[in-house]
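**Q** Residue strings, one per chain:
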Amino acid sequence: MAVETVAPPVADAPVAADAPVAWPDAQGRFGAFGGTYAPETLMPAIAELKAAYAEARLDPAFNAEVARLLRDFVGRPTPLYFAPRLTAHAGGARIFLKREDLAHTGAHKINNAVGQGLLAQRLGKQRIIAETGAGQHGVAVATVCAMLGLGCVVYMGEVDIARQAPNVARMRLLGAEVRPVSSGSRTLKDATNEAIRDWVTNVRDTFYIIGSVVGMHPYPMMTRDFQRVIGDETRRQAQEPDQIGGLPNAIVACVGGGSNAMGIFYPFLGDEEVALIGVEAAGEGVASGRHAATLSAGRVGVLHGSRSYLLQDEAGQVIEAHSISAGLDYPGVGPEHAYLKDLGRARYVAVTDAQALAALQLLSRLEGIIPALETAHAVAHAVELAATMPAEQSVVISCSGRGDKDLDTVRAELGMDR
Amino acid sequence: MTAPVAARPTPAAPSGAAPAPAPGAPAPSRIAAAFARSRAEGRTALCPFLTAGYPDLATTEATVLALAEAGADVFEIGVPFSDPLADGTTIQRTSQGALANGTRLADCFALVGRLRGRGVAVPIVLMGYVNPMLQYGLDRAAAEAAAVGVDGFIVPDLPTEESDDLLAACRAHGRDLVFLVAPTSTDDRLRAVAERASGFVYCVSLTGVTGARADLDAGLPGYLARVRAVTDLPLAVGFGISTAEHVRQVGAHADGAVVASALINHLDGFSPAAQPAAAAAFLRGLRGE
Chain U
3 MAVETVAPPV ADAPVAADAP VAWPDAQGRF GAFGGTYAPE TLMPAIAELK
53 AAYAEARLDP AFNAEVARLL RDFVGRPTPL YFAPRLTAHA GGARIFLKRE
103 DLAHTGAHKI NNAVGQGLLA QRLGKQRIIA ETGAGQHGVA VATVCAMLGL
153 GCVVYMGEVD IARQAPNVAR MRLLGAEVRP VSSGSRTLKD ATNEAIRDWV
203 TNVRDTFYII GSVVGMHPYP MMTRDFQRVI GDETRRQAQE PDQIGGLPNA
253 IVACVGGGSN AMGIFYPFLG DEEVALIGVE AAGEGVASGR HAATLSAGRV
303 GVLHGSRSYL LQDEAGQVIE AHSISAGLDY PGVGPEHAYL KDLGRARYVA
353 VTDAQALAAL QLLSRLEGII PALETAHAVA HAVELAATMP AEQSVVISCS
403 GRGDKDLDTV RAELGMDR
Chain F
90 MTAPVAARPT PAAPSGAAPA PAPGAPAPSR IAAAFARSRA EGRTALCPFL
140 TAGYPDLATT EATVLALAEA GADVFEIGVP FSDPLADGTT IQRTSQGALA
190 NGTRLADCFA LVGRLRGRGV AVPIVLMGYV NPMLQYGLDR AAAEAAAVGV
240 DGFIVPDLPT EESDDLLAAC RAHGRDLVFL VAPTSTDDRL RAVAERASGF
290 VYCVSLTGVT GARADLDAGL PGYLARVRAV TDLPLAVGFG ISTAEHVRQV
340 GAHADGAVVA SALINHLDGF SPAAQPAAAA AFLRGLRGE
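Protein sequence lines correspond, in order, to chains U and F. So the first sequence is numbered by the numbering used here: it starts at 3 and just counts up by one. So the second sequence is numbered by the numbering used here: it starts at 90 and just counts up by one.
Hint data in this document are derived by calculation from the structure and do not stem from the laboratory. From the three backbone atoms N, C-alpha and C, an ideal C-beta is built for every residue, glycine too. Check the hints yourself; a few may be wrong.
[Stated by the list, open to error] List time: in silico DMTMM-like cross-link candidates among lysine to aspartate or glutamate, alpha-carbon distance up to 20 Å:
1) U:343 x U:273
2) U:343 x U:419
3) U:343 x U:27
4) U:52 x U:27
5) U:52 x U:207
6) U:343 x U:274
7) U:52 x F:276
8) U:52 x F:251
9) U:52 x F:277
10) U:52 x F:250
[Stated by the list, open to error] Which chain F residues stay away from chain U? Per the calculated CB distances, all over 10 Å, these:
11) 158
12) 159
13) 170
14) 173
15) 193
16) 278
17) 285
18) 305
19) 310
20) 318
21) 355
22) 369
Chain F with its partners taken away, still in its complex shape (with noise of 0.2 Å):
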């Protein structure tokens, strides 16, 4: 693998951020500060996704620059995998790409820790399946997650069910555990998700797999209120959404919105050089600029 980064001190909180926490008390995270600036500024916090080594790792490395400066809150930087499940055709061909010019695990960690030795301070937060985790061993992925700055984990195939392993090195590491909850969840199981959740807690927004769709599913307010009612973690609402209109949707019911299939999707219509330009553009756009 690639060489490790050397640890390096997170960011000092943006003034006006939360207090200093009391002495013992965890330190409050990259990723729920992000998400109470947000807040405070009265924004629904953009977090886009970028499959790792697509088109190629230099231009997902360009782009997170890009969007970082474009002010993107909360970064999610895809971990390719074989047979993403969850995943529509979007991500399931980025994915392959990927792949195809070698990407793992380890790279995306490299990744990470050449972002964060450019300046890019914004929360980013590694989503992939759970066996290139497994194989690169859970207790390594927090703690070289933890020397280069990657702030959590989004493993979309690891319920709560099976979580205990992978939390315990997060929990030992500082870092974030975000699990999704969905449309179908009931209570009871948003209410396991509340109780091991950190950072944010990821809405999928409709049944189904990720990838760009015309309109929102008519029960998400409903939805998210239930989610709401079982925690205070900021909830970002991610699959499907692909505009500007489904941003300011999803802000009126949720802290943030995730924005990835559509992201990709626009993406490819630019050579790998204008990539960071477009996808600032694409950013500034879902904002209504």
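Excised from the complex, chain U in its bound form (with noise of 0.2 Å):
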């Protein structure tokens, strides 16, 4: 396929309208995936929210302030780290950790809180409403409410309240409100019911701020252009001559709903040579059933107001999902990787539970970085395509998170307390 390049990526400006691709349109259609499938009452405020964010992201000012969060409040830039022991173990391709584990927080979710939530104050809103399945998106908006001073209100399924326990009390202490969600399968799809629901009901003065490439557009692109800042500086860090000395072979990301994948792709996309790999959650295995692999195992269907693969029935009923990590258990996908995955461009496989489990060790024995369960699934695919690829060649992971939120998963699942 081939992929436009309008505009070679600027690196200060973090927000800017300069795109590598030409998608999506005014109707937020990424090809056949996208648009806005939402109640009546949303749809005035959403034309708001893409009217301002329209004039935003074109503003000096705005995209400025967000720099300026970016560097001295969430810690940017993030390093590129040389992995030389997970190197050795995989036995081919160089391989490089984009350290989202580091920014404020410990995970990528921040980078698109604090643009949202500066766009929320640009438009007066001082409520904030947000979904959160493992709990780090939570985290990062309550953060930057409390930075900002605006009111925050998180829904969180209560299966996952009690699988990330440690993020629900960072949110309380945060100042956030934290609402379980008890309808349907207490995940993240119901958080984000939920939200919508307060959102349909409290409009005029509350801003939704939805932490993935998801939902209605202008969403999937926003997120996307507030993650980017990944790419952005992977793509100026990997050039330097201590570094990889030009582009990376491969990329390779997690994807639940893919923000932090779509943030370190979307730079990359005009640049053919650069293979850009999305891993999804088999859960028990794509065979079992019970996994949260929407790219690999999905049909096209509408949820949460966009168009894009989805797990569901053959009567259109969405299929409860299933992973050990918590922000990977969603059953749709962002509409931005159903294109790409369509186009060719990027690729998506499915890494199990297990396998994502042994990752989480080998990555904390090997270079004293204990990862997040979600970014293990990026790690144990990478250590597997490495090992295919020769040693002058170089492999990016998106290490998006860190672990500490899933040491109670973690230990119950290889038996440390006993």
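Given two chains presented individually in distinct reference frames, assemble the corresponding complex, making use of the accompanying hints.
**A** What follows is the structure, given as structure tokens:
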């Protein structure tokens, strides 16, 4: 496929309009995917958001404020780190880690929360709502709301509240109200439903900060733009002579909704020599039916405001996803990933719970970095991939988050308390 | 899916209804005729909503029959969906219950086919989210609707911007596509709905999800006047309509009132066998009888 390059990325303009590709269109379409499947009550607010974002992304003052907070509050740029022992273990291409785990709050989610939080402030909205799965987006939003002095309500499924207790405590410390969601599968999908219901009810004074490249237009585009800083930095850092000295041969990132993957992929979309690989959660195995491998095993449908791949039955009812990782436990996926899959520009694979757990231990012992369970999916695949590549090539893993939040799950799974 | 029910002629329009259309013009829909009749009789049309398959399909069928005999003007039959993001707790619960006992879109079509077979002539609109319709096939859904006697569709997550395909399918098969408008809708958006809608316009009474409420929104009259200014279609008001007093208030500014969660919550106090009679009594209560 040919990806038309419009303009080269500008590193110091975090959300500027320089786009490596020409999508989405004005209706929020990425090819046949995306769109605005939202209740009428929300449509005027969505139009207001579209207009405000279109203006803000070209406003030097807004971009400067995003850049300042990413530097001074988030701690960007995050390092691109050569992982020597993991490289030796794989025995092939050199492996680099883009260290989003070192961003403030411990994951890439803060990049988007800063951007959308500033946009909410620009719109004069004093009340913020968010959904969260693993709690990383909820913590990021609660953090930004504390910093900006905005009210914050986070919806979180009861299952996720139980398995990500440290993040629940962090959100509460930060002054956010965490509302448990008991409907449906009691995970991220249902937290998103409940956040949308809140938004429908309080749309006049409330800003909804969606945590991934999902939802109705303009969220997939906006979240991608706020996350592209990951890819912009990676592209610049990789080319430094003491790093890769050029572009990497492959980039590997985990995909739930797909925001860290979209953020690191996006600036490379025009670089066809760079392979882009998204890693979904295969749970107990795609064949078991208990998985979250939406792109690998789903069909096209509409959920949460956009058309994309979806885990669903023949009658269009959404099937509950399963993953050991709360952040990947989602039956949908961002529409731009669906488009990249169909274009063949990115490819998508799936890694099981067991493989992810093994990779989490591997990275911990070999590099002294405990990754999030989400991130561990990307590590698992990258190690396999690197082993098939020659030593002069290189692979970048999006190290999207740190694993502290997962210690309860990991201890239980590994029997460390016995 | 269930075997399709054979097409059947539309029941004759009630005497005193609009004259026969000019050749080539679309026939007036059964929905339009129902609102014309209630308007001519000086009544507020009552539009009960039931979730198909809750507590089971046989009870839904018997309850619709009883409500039709009690004088319901237009039915909304809810098609259950796993993720009803515009609905409050009542319809979330009934949707989950209906899904748990296996009710799918195909079953809703079959239900309406059976109701027509038992002589129910009241207009019936299916209300459901877009994904089950997409998987069924939009054209196939509109064709099946025409075959079994479903008069139209209401799709709460399908704003005008995304409605081209379903609108084309509905027009091809002579079905009404009913759009929702909300108090937040701008005049431009109301005009876009007016250009596309047929049957009636569903006016969401408040900024919020479905569910019974104690009071109506104070801004309702002004909002309904804005809608009235852009369309001659009947206006039906829904979300939160719970009492005879609400119906009376709505009737001062609109043509119909949709009663959903309040009816369902009321029926939950009865055994399935007792629900049809309880529903009929509730409907008469809404009319102030």
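**Q** If a hint holds in the structure, say so; if it does not, say that too.
**A** Structure-based check of each hint:
1. Among the hinted pairs, residue 343 of chain U with residue 273 of chain U is consistent with the structure: their alpha-carbon atoms are about 16 Å apart, no more than 20 Å.
2. Restraint check: the Cα-Cα separation between residue 343 of chain U and residue 419 of chain U comes to about 42 Å, which exceeds 20 Å; the hinted pair is violated.
3. For the given pair, residue 343 of chain U sits about 18 Å from residue 27 of chain U by alpha-carbon distance, which is consistent with the 20 Å threshold.
4. About 12 Å separates the Cα atoms of residue 52 of chain U and residue 27 of chain U, which keeps this hinted pair within 20 Å; it holds.
5. With a C-alpha separation of about 16 Å, the suggested pairing of residue 52 of chain U with residue 207 of chain U holds against the 20 Å cut-off.
6. Annotation: proposed proximity of residue 343 of chain U to residue 274 of chain U holds, straight-line Cα distance about 14 Å (limit 20 Å).
7. Taking the CA atoms of residue 52 of chain U and residue 276 of chain F, the gap is about 18 Å. The hint holds against a cut of 20 Å.
8. At roughly 17 Å between alpha-carbon atoms, residue 52 of chain U and residue 251 of chain F fall within 20 Å of each other, so this suggested pair holds.
9. Taking the CA atoms of residue 52 of chain U and residue 277 of chain F, the gap is about 16 Å. The hint holds against a cut of 20 Å.
10. Between residue 52 of chain U and residue 250 of chain F the CA atoms are separated by roughly 14 Å; this keeps the pair inside 20 Å, and the hint holds.
11. Residue 158 of chain F, annotated as away from the interface, keeps every beta carbon of chain U farther than 10 Å; the closest lies near 32 Å.
12. Remark: the non-interface label on residue 159 of chain F is consistent with the geometry, its nearest Cβ contact in chain U lying 31 Å away (cut-off 10 Å).
13. With 10 Å as the threshold on Cβ separation, the claim that residue 170 of chain F sits away from chain U is violated: the shortest Cβ distance comes to roughly 7 Å.
14. Against the 10 Å criterion, residue 173 of chain F falls within the reach of chain U, whose nearest CB is about 8 Å from its own CB.
15. With a least beta-carbon separation of about 4 Å from chain U, residue 193 of chain F fails to lie farther than 10 Å from that chain, contradicting its non-interface assignment.
16. Not every CB of chain U lies more than 10 Å from the CB of residue 278 of chain F, the least distance being 6 Å, so the non-interface label is violated.
17. Look at residue 285 of chain F: its CB is around 12 Å from the nearest CB on chain U, clear of 10 Å, so calling it non-interface holds up.
18. Distance check for residue 305 of chain F against chain U: the nearest CB is about 16 Å away, which clears 10 Å, and the non-interface claim stands.
19. No beta-carbon of chain U is positioned within 10 Å of the beta-carbon of residue 310 of chain F; the least distance is around 19 Å.
20. The Cβ of residue 318 of chain F sits about 17 Å from the closest Cβ of chain U, beyond the 10 Å cut-off, so the non-interface label holds.
21. Against the 10 Å criterion, residue 355 of chain F stays outside the reach of chain U, whose nearest CB is about 22 Å from its own CB.
22. Against the 10 Å criterion, residue 369 of chain F stays outside the reach of chain U, whose nearest CB is about 31 Å from its own CB.
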